[in-house]
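K.L.:
Chain by chain, the residues run as shown.
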Amino acid sequence: MPAPQQHRLVFRHIDEPGYTNDLACYLRNGGYEVLRKSVLRKPEELVDEVKKSGLRGRGGAGFPCGVKWSLLDRKSGKPIYLVVNADESEPGTFKDRYIIHNDPHQLIEGIMITCFANKVERTYIYIRGEFPEGARILERAIAEARAANFVGPNILGTSYGCEIYVHRGAGAYICGEETGLIESLEGKRPYPRIKPPYFPAVLGLYQCPTIVNNVETLCHVKHIADRGGDAYSKIGTPNNTGTRILCVSGHVQRPGYYEFEVGKITMGQLLNEVCGGPLPGRRFKAVIPGGSSAKVLKFGERYKGKRKVGAEMVDFDWGLEDVPMDFDSLGMIGSMGGSGGVIVMDDSVSMVEALGNINAFYSHESCGQCTPCREGSLWMKKITGRMVHGAARPEDGALLKSVADQIAGRTICAFGEACAWPTQSFVAKFGDEFKEYHQAKKNPRADGAPELV
Amino acid sequence: MMNLKPETLAKIEEVLPRYPVKRSAALPLLHLVQEDQGFISNEAVEWIASRLGLQPINVYELVTFYPMFRQKPIGRRHIKVCRTLSCAIMGGYRTCAEFRKQFNTGLGQVSPDGEVTVEFVECLASCGTAPVVMVDDVLHEKVDAARAKELCDEIKAEAKAGAGTR
Numbered sequence: 001m002p003a004p005q006q007h008r009l010v011f012r013h014i015d016e017p018g019y020t021n022d023l024a025c026y027l028r029n030g031g032y033e034v035l036r037k038s039v040l041r042k043p044e045e046l047v048d049e050v051k052k053s054g055l056r057g058r059g060g061a062g063f064p065c066g067v068k069w070s071l072l073d074r075k076s077g078k079p080i081y082l083v084v085n086a087d088e089s090e091p092g093t094f095k096d097r098y099i100i101h102n103d104p105h106q107l108i109e110g111i112m113i114t115c116f117a118n119k120v121e122r123t124y125i126y127i128r129g130e131f132p133e134g135a136r137i138l139e140r141a142i143a144e145a146r147a148a149n150f151v152g153p154n155i156l157g158t159s160y161g162c163e164i165y166v167h168r169g170a171g172a173y174i175c176g177e178e179t180g181l182i183e184s185l186e187g188k189r190p191y192p193r194i195k196p197p198y199f200p201a202v203l204g205l206y207q208c209p210t211i212v213n214n215v216e217t218l219c220h221v222k223h224i225a226d227r228g229g230d231a232y233s234k235i236g237t238p239n240n241t242g243t244r245i246l247c248v249s250g251h252v253q254r255p256g257y258y259e260f261e262v263g264k265i266t267m268g269q270l271l272n273e274v275c276g277g278p279l280p281g282r283r284f285k286a287v288i289p290g291g292s293s294a295k296v297l298k299f300g301e302r303y304k305g306k307r308k309v310g311a312e313m314v315d316f317d318w319g320l321e322d323v324p325m326d327f328d329s330l331g332m333i334g335s336m337g338g339s340g341g342v343i344v345m346d347d348s349v350s351m352v353e354a355l356g357n358i359n360a361f362y363s364h365e366s367c368g369q370c371t372p373c374r375e376g377s378l379w380m381k382k383i384t385g386r387m388v389h390g391a392a393r394p395e396d397g398a399l400l401k402s403v404a405d406q407i408a409g410r411t412i413c414a415f416g417e418a419c420a421w422p423t424q425s426f427v428a429k430f431g432d433e434f435k436e437y438h439q440a441k442k443n444p445r446a447d448g449a450p451e452l453v
Numbered sequence: 454m455m456n457l458k459p460e461t462l463a464k465i466e467e468v469l470p471r472y473p474v475k476r477s478a479a480l481p482l483l484h485l486v487q488e489d490q491g492f493i494s495n496e497a498v499e500w501i502a503s504r505l506g507l508q509p510i511n512v513y514e515l516v517t518f519y520p521m522f523r524q525k526p527i528g529r530r531h532i533k534v535c536r537t538l539s540c541a542i543m544g545g546y547r548t549c550a551e552f553r554k555q556f557n558t559g560l561g562q563v564s565p566d567g568e569v570t571v572e573f574v575e576c577l578a579s580c581g582t583a584p585v586v587m588v589d590d591v592l593h594e595k596v597d598a599a600r601a602k603e604l605c606d607e608i609k610a611e612a613k614a615g616a617g618t619r
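Residue numbers (the working numbering), protein chains in the order written: chain A, 1 to 453; chain B, 454 to 619.
Honestly, the hints are just simulated from the structure, not real lab data.
Please note that the accuracy of each hint is not assured.
Think about it this way: if two alpha-carbon atoms lie no more than 30 Å apart in a straight line, the pair counts; the simulated DSSO-like pairs of lysine-lysine are [stated by the list, open to error]:
#: 1; chain 1: B; residue 1: K595; chain 2: A; residue 2: K188
#: 2; chain 1: B; residue 1: K464; chain 2: A; residue 2: K188
#: 3; chain 1: A; residue 1: K119; chain 2: A; residue 2: K51
#: 4; chain 1: A; residue 1: K298; chain 2: B; residue 2: K595
#: 5; chain 1: A; residue 1: K68; chain 2: A; residue 2: K51
#: 6; chain 1: A; residue 1: K119; chain 2: B; residue 2: K475
#: 7; chain 1: B; residue 1: K595; chain 2: A; residue 2: K441
#: 8; chain 1: B; residue 1: K475; chain 2: A; residue 2: K188
#: 9; chain 1: B; residue 1: K525; chain 2: A; residue 2: K68
#: 10; chain 1: A; residue 1: K382; chain 2: A; residue 2: K435
#: 11; chain 1: A; residue 1: K382; chain 2: B; residue 2: K458
#: 12; chain 1: B; residue 1: K458; chain 2: A; residue 2: K188
#: 13; chain 1: B; residue 1: K595; chain 2: A; residue 2: K195
#: 14; chain 1: A; residue 1: K78; chain 2: B; residue 2: K458
#: 15; chain 1: B; residue 1: K458; chain 2: A; residue 2: K75
#: 16; chain 1: A; residue 1: K441; chain 2: B; residue 2: K525
#: 17; chain 1: B; residue 1: K554; chain 2: A; residue 2: K382
#: 18; chain 1: B; residue 1: K475; chain 2: A; residue 2: K442
#: 19; chain 1: A; residue 1: K298; chain 2: A; residue 2: K51
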């Protein structure tokens, strides 16, 4: 079956010739019309639209956005904050970069609708430190929107007002974890908070009720407010509504960003048709479907089970190429849709070395608060590092697994899982490669094999 | 005493009222002071702490945690090569080696000519155009070894042109 056409909602104007990131261009393209309509409605109605839309968070966890909003403690009498997670740091993910740089007013409009719906009067955009240009673009866009009365006091002649501030991070991955991000915004080390009791919806920024939403999620809110939650929920597939930006990187002919209705495109269609297949003379070996912490998938695997279609349970029997790129399907085959970052590796890559690269990342980024994660991520890095640069042993795969198995579920935040899943899945699926690595490394390196550790 | 530029001081005044709790301005102040002075000295830690009503340790612990803050000066240009998976499988390690070779320098050091510091950093979030490199605030995409050599030549030419005016 041929791949469906892209459905560009959030990325509609990305790459459009002549489209610029200033307010005038945004207004020429109908910008801020949805905000104008939204401030005439009741805030609760807008929350209902988002609930009806079925929108799931695009940052990684896929938690329903409307549910997140409805968990807010609205009776505390404290101010409610929105914190925009623009930390985009999950390896393989590069969608928010283009929204921020090329269409910042779309994000600001989504933010203002979200703030109006939730009676938020102050928002911080936490943008990763590695986007200095993005931070300047956002500052300028906010100033333009403020001058035009879309942001600031008494917006569009109403009694409602809201300020947006840009806050730059400083290179720490853990700030993408929402409670770590809040700590960082409070001027501290970004040590994630324990939940309960520190659910952001109740005890977030400055111990006030707080929503933390991803950049792409907030852009979808604009499109939901525009067409209504019911109409939006008809895009995509049930429980996986709307569109989603898939970021493809690594060994394909055409890496890049592609926006499709969620669940309407399969892995095979995406990689073979949309991205042009493997590089000349190569074959696909493995793919990480949702950012580097998602469990790796192996080409040639088959997945069998039962899934819900409408009200019925039906059997599925998929090759990796047949798997729809949605939250539920990727979850059913033992991985996740995560942040939408699809990393493709071909047969030039050693899985031991790829894991060594990933382990070095997580070891560098562990905040150090919980012992299993701090020590475990370091040992996994040391073991894979030794395998590559020192003496590898046939039993190293089992050793790696034993370390990983002692991390997940024993930490304050999900980083424990994020650093354990790569090791667990690489060893489970490519165990022979780990067993034989001590032999394989005696051979000269294959032509074109990249150095990874 | 801290000799901050007037525009840095003005920006600090602009940033402070954005937060209901002063401590929140710690990261913005660290960025501003580092941009002004090139690195964060012990004196800067104490100055920021007193500005925010904090103990110096509250600021120092941020400098030692967040990778972007540094306690020593670097070269005139800062070259950051992405090390993470998508860039690595597209040749990021070769790119990094080329930068080091061109400036005859090791990772994280000031090159002998004082011109650059080459660093291997984690994901820069531009994986679709791997391998990527940042030179100061500017992102460069699809930087293979050949492109790295070109960038080095540009940096050296700019250094030469700048030397006359320095």
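K.L.:
Would you mind marking each hint as holding or not holding in the structure?
P.N.:
Outcome of the hint check:
1. K595/B x K188/A: Judged against 30 Å, a Cα distance of about 35 Å means the pair is violated.
2. K464/B x K188/A: Since the Cα atoms of K464/B and K188/A sit roughly 21 Å apart, the hinted pair holds (cutoff 30 Å).
3. K119/A x K51/A: 17 Å, holds
4. K298/A x K595/B: With a Cα-Cα distance of about 27 Å, the restraint between K298/A and K595/B holds, given a limit of 30 Å.
5. K68/A x K51/A: 9 Å, holds
6. K119/A x K475/B: 24 Å, holds
7. K595/B x K441/A: 29 Å, holds
8. K475/B x K188/A: Holds - the C-alpha atoms of K188/A and K475/B are around 12 Å apart, at most 30 Å.
9. K525/B x K68/A: Outside the cut-off at roughly 43 Å; violated.
10. K382/A x K435/A: Holds, at about 17 Å.
11. K382/A x K458/B: Not OK: K382/A and K458/B at ~44 Å, beyond 30 Å, violated.
12. K458/B x K188/A: 26 Å, holds
13. K595/B x K195/A: Given that 30 Å is the threshold and the Cα spacing comes to 41 Å, the pair is violated.
14. K78/A x K458/B: 38 Å, violated
15. K458/B x K75/A: 46 Å, violated
16. K441/A x K525/B: 39 Å, violated
17. K554/B x K382/A: Holds: K554/B and K382/A sit about 27 Å apart, inside 30 Å.
18. K475/B x K442/A: Violated, because 58 Å separates the two Cα atoms, which is more than 30 Å.
19. K298/A x K51/A: 36 Å, violated
Consistency with the previously given hints fails for numbers 1, 9, 11, 13, 14, 15, 16, 18 and 19, ordered from lowest to highest.
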